[in-house]
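Given chain A, put chain B in place with the hints provided.
Same order as they appear, the protein sequences are chains A and B. Okay, so the first sequence: first residue is 1 according to the numbering used here, each after it adds one. Okay, so the second sequence: first residue is 1001 according to the numbering used here, each after it adds one.
Think of the hints as simulated: they come from the structure by calculation, not from any bench. Being a predicted model, the structure only gives us computed values, none of them experimental. Here a beta-carbon is modelled for each residue, glycine too, at the ideal position from N, C-alpha and C. It cannot be assumed that every hint is accurate.
Now the in silico label distances, taken between C-beta atoms and shown as ranges [as the list claims (entries may be wrong)]:
#1 B:1042 to A:18: 26 to 32 Å
#2 B:1005 to A:28: 32 to 38 Å
#3 B:1016 to A:28: 40 to 46 Å
#4 B:1057 to A:73: 38 to 44 Å
#5 A:14 to B:1012: 35 to 41 Å
#6 B:1001 to A:14: 23 to 29 Å
#7 A:5 to B:1078: 31 to 37 Å
#8 A:83 to B:1067: 41 to 47 Å
#9 A:64 to B:1062: 40 to 46 Å
#10 A:10 to B:1072: 38 to 44 Å
#11 A:62 to B:1015: 45 to 51 Å
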Amino acid sequence: NAGVMQNPRHLVRRRGQEARLRCSPMKGHSHVYWYRQLPEEGLKFMVYLQKENIIDESGMPKERFSAEFPKEGPSILRIQQVVRGDSAAYFCASSPRLTGANTEAFFGQGTRLTVV
Amino acid sequence: AQKVTQAQTEISVVEKEDVTLDCVYETRDTTYYLFWYKQPPSGELVFLIRRNSFDEQNEISGRYSWNFQKSTSSFNFTITASQVVDSAVYFCALSEASGGTSYGKLTFGQGTILTVHP
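This is chain A alone, in the form it adopts within the complex:
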């Protein structure tokens, strides 16, 4: 859904650099989810955030990865000291409330990270 804005769409980083991926949820949405899609695989849940809180980070790698969703501004997924294996498409989704009946999470267009 075009309402969830992710930038950049494409990001190239050298091994060891930092990658910052941004996600602006749809207006009025206070729930953000990050997913990673490795080449030729399905999407895997990484982290779920509400404003200023990490609710579930069970899918986040233990090291080098962090996420935040500040009171003001976009959600940021940060990857420190990137390695080739971090090359993937990272998708952000947002919803206005807990998803379930009558709601679904709307996805952004993704950020394709390439580590060279």
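Okay, now just chain B, sitting in the frame of chain A:
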């Protein structure tokens, strides 16, 4: 633990053929939600349908139809009279509801690559 299996890795059909994409899921919850998403070559994820576990009615939307069978834990997707524009990767996904709420943590299948030839 929840799991979604899309056994068909790739399907190739000729335009106007009907095609069914299979999805089998595993969950311990009695309340859950099932989804289908389309990922065209441009890469974005397009929401197609959401179905909750209490609603086993099949649904039809234009050329698309979905068959939800709780007894076999399946949520299959059929495209009637396929078109070249249907070529994409299709993902089935599951979201469990825990404690009366669900929070959008989707478990995706591996996806099925559908190619429709003219």
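Going down the list of hints, with the structure as the test:
Between residue 1042 of chain B and residue 18 of chain A the beta carbons are some 27 Å apart, a value that agrees with the proposed interval 26 to 32 Å. Separated by about 35 Å at the C-beta atoms, residue 1005 of chain B and residue 28 of chain A satisfy the suggested range of 32 to 38 Å. Between residue 1016 of chain B and residue 28 of chain A, the C-beta spacing of about 42 Å keeps the proposed range 40 to 46 Å intact. Take residue 1057 of chain B and residue 73 of chain A: their Cβ atoms lie about 42 Å apart, and the range 38 to 44 Å holds.
Roughly 38 Å separates the CB atoms of residue 14 of chain A and residue 1012 of chain B, a value that falls within the hinted 35 to 41 Å. Between residue 1001 of chain B and residue 14 of chain A the beta carbon distance is about 37 Å. The supplied range of 23 to 29 Å is therefore violated. Take residue 5 of chain A and residue 1078 of chain B: their Cβ atoms lie about 33 Å apart, and the range 31 to 37 Å holds. In this structure the supplied range 41 to 47 Å holds for residue 83 of chain A paired with residue 1067 of chain B, their Cβ-Cβ distance being about 43 Å.
Separation of residue 64 of chain A from residue 1062 of chain B is about 45 Å and conforms to the stated range, judged on CB atoms against 40 to 46 Å. At about 41 Å, the CB distance of residue 10 of chain A to residue 1072 of chain B agrees with the hint of 38 to 44 Å. For the hinted restraint 45 to 51 Å between residue 62 of chain A and residue 1015 of chain B, the CB-CB distance of approximately 48 Å keeps it satisfied.
Hint 6 from the earlier list is the only one contradicted by this structure; the remaining hints agree with it.
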